[in-house]
Amino acid sequence: MLKIDKAMDQVTYVSMALFAAIWIVLIAIIVSGAWHFVQTHGFVSSVASFQWDPLQSHFGIGSFIVGSITVTLLALVLAIPGSLALGVLGSRILQGKWQQQFVRFLTVFVSVPSVLYGWWGLTVVVPGIRRLSHTSGYGPLSASIVLALMIVPTFSILSLNALRHVPESYIEGSIGLGASEDQTLWHIILPAARPRIVQAALIAVARGLGETIAVQMVIGGQVRITSLLHPASTLTTQLLTDLPLLPVGVPGHHVLDFMALWLLILMTVIVWLQYRLRGSGT
Amino acid sequence: MIFSRRQLIMGLIWGPLLASGRSFGDLFNRRPLVVPRMTIMGASSCLGYVKAVLPQWERQYGPVHVAVSGGGSYAGLRALATGQVDIALADVMPPPGYIGVPVRRYVLGRLPIVIVAHQGVGVKQIACDQTRQLFHGTITNWRDVGGNNLPVVVVSRPLSSGAREVVQTRLMGRSQFSAHSIIQLSNGAVIKTVADTPGAIGYVEAVMPLWRVQIMAVGNRAKPPEKASNRKLYAEPAVYIRRETRALVISLAEYLANDPRRPRFGIYPLGSEEGSPC
Amino acid sequence: MMKNAGRDVGGAPDIAVRQLSVWYNQMPALQNINLYLGAGQVMAIIGPSGCGKSTFLRVLNRMIERLPSVRVEGAVRIGHFDVFDDHVDVTGLRRAVGMVFQHPNPFPMTIFDNVAYGPRIFGIKSSAQLRKTVEDSLKQASLWDEVRGKMRRNAETLSGGQQQRLCIARALAVHPEVLLLDEPTASLDPVSSAKIEELIVQFKSHYTMIIVTHNLQQAARVSDVVAFFEQGRLIEMGYTQDIFTAPKEKRTEEFLTGRFD
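Chains as they are written, first to last, in the numbering used here: chain A, 3 to 284; chain B, 899 to 1176; chain C, 3 to 263.
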């Protein structure tokens, strides 16, 4: 029996190793493709260049990196107030069955496919921005608004849980001293929940960074970023746009690997930040 | 315990692997199939036509199954070059050396490309020069071509689009599209954007009814799209096959290139070319 | 105990409870409680678990209202506060009636910020004034010597007993008149417990205090008056010495002698 157990253990380890190996292979494909690209076109010169014309061998992806970071950060900034407000509403104001219904309601929005957010962006956000700014309405600002709306449900459910996890004893301590509910919220609950809220924000950012179709529908798709109000692109939208132009085997195909690698790098930064920022606090 | 945690882990890992391994095996194992299979891939502008006329051919040639997928002209040609597909559909001229294997090209016909604008721009005819300048961004207000006081918004397609290639080479020449132009991935998206955005101008392949937009007459002459074979702005969608291929593939390529139903899908037979307006 | 009535001891108020009943979701938690505690006295509440001791404490500073579906009837007066009057200043009431909980609950911030929390809430901004209040409160809670120079440390680095004394200092920093202590030593070791008991004895006559405890010796050591609660009712109340030597009620005697079912 023991022998069989040992053999089973080994088979399990081999299986796990194989699973890990598949992941490593997937990442290795991207890294090796990106390596090919970097060898011919250079790392710094590609990242620092804003000129994108793959048919003329100009592979500057700086514009897309800037686009991705701008759109995602702006979306986060736009999403923070609303998400925190919804989180406070769901965790500290609504009680019992209303709270449950509220969480269910938010969960429905988490599962709405992103193309619907994109469609909503086309019918509401783009015309709105057009009217306010007298531009076409397509651009990073519209994309940020759509993205913010998309990450608000995820962000607010996670913040709601973060706020719910603040020990009741802190709150009782504060109320017992004569602090009002509002003072307790500002001075005790929000600071105590901050590490988890930061984590929630970074998960939301990760989702926003990877989002493609909803952003693509409203960002305008221009290859050089000039302002928040004029068409631009992100790493993901340009990958989608130029995939048909640069299929496997075509010279220049590996720039897509390089762009994918940049998405991985930015994602890794987010995960790293998550560990760093979670460390401070409780 | 009948079902241990270990067995669960192993099952969850190996199950999908074995299943996918089997289908990969099918892919590499080129044993003779009972039903002959063929694959077509390429430009989305031709897919409507191909899908519509395929069933008749399949019935005619007995048990044969044809799989059709989009992905764009370049991806289709690339897949033909590597032998992944039997037939490529393309509405671009591949750059020299792009395919790398000897191929045969069957032109399906001409797919008119129409300049469209938002219904509120206030003009219906523009000269070739003006069109070029509107797309380039030199003319920034419709007022300057006799229309309403509206800023010009250019709507274009990505580099992989056959329509863009045609407009670039036959209309724009050396000038580029405006750096603020909106890039949309499909004809449908261009139509919607042009229809919804005041002051917008764009171009589409006329494979669909063009409503809610203003069809512009370019070069001081108004002509309905049916006469578009006389114009210079057209894509030339074609079927590509390898020179060395199965007889069945040749037969399908010839069938696609000759079916009389093409005009219903916006593809008009080659005609005599008139003097071009631009 | 009526002999102290009305006499003001160091600003500490007296407490009068009349016909107090509390229901949670229609379930009675306290039934018809009547008692009077003289100014500056220490009352120990004893009784089996679930007898309504903690509920009683939470009525006195209206913390009970934070729970959903609670109904309170009757009247409570603490000094000049008519506790359940609609127009009473709840913030002022809670400020005057400090509370210390069963488990030490310092806020996740520095030692200084913990003690300064109350004064800051009530609008004190001058850092000199805050420093003085914090120092005084920590000295009063006999914690000053242990934490001086470590004011910027997180309060959670302190030991359990220190944390509880920090919580007492935090309560003292807003200058309360009444202290409610809900089993303050239940989670502490004997040495730490002894320090807390010492504090309670020191505070006598400066504050009116009510301490809920499961430790009968502790009740005997620190209190002037003992109240025995059972199933939401006040069974007996009297001077500590009388209760422990000659209880009037049979139930009290059974509880004190451990023959309690």
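FYI, nobody ran anything at the bench for these hints, they're computed from the structure.
Ideal Cβ placement from N, Cα and C applies to all residues, glycine included.
Among the hints, a few may not be true.
Claimed, not checked - Counterexamples of contact, computed for chain A against chain B with all Cβ distances above 10 Å: (1) Phe21; (2) Val225; (3) Val250.
What the hints assert, rightly or not - Derived pair list, reagent style DMTMM-like, types lysine to aspartate or glutamate, alpha-carbon separation capped at 25 Å: (4) Lys134/C - Glu179/C; (5) Lys127/C - Asp7/A; (6) Lys127/C - Asp55/A; (7) Lys949/B - Glu1152/B; (8) Lys99/A - Glu67/C.
Exercise. In ascending order, which of the hints set out earlier in this document are inconsistent with the structure?
Worked result: Per hint list: 1, 2, 3, 5 and 6 violated.
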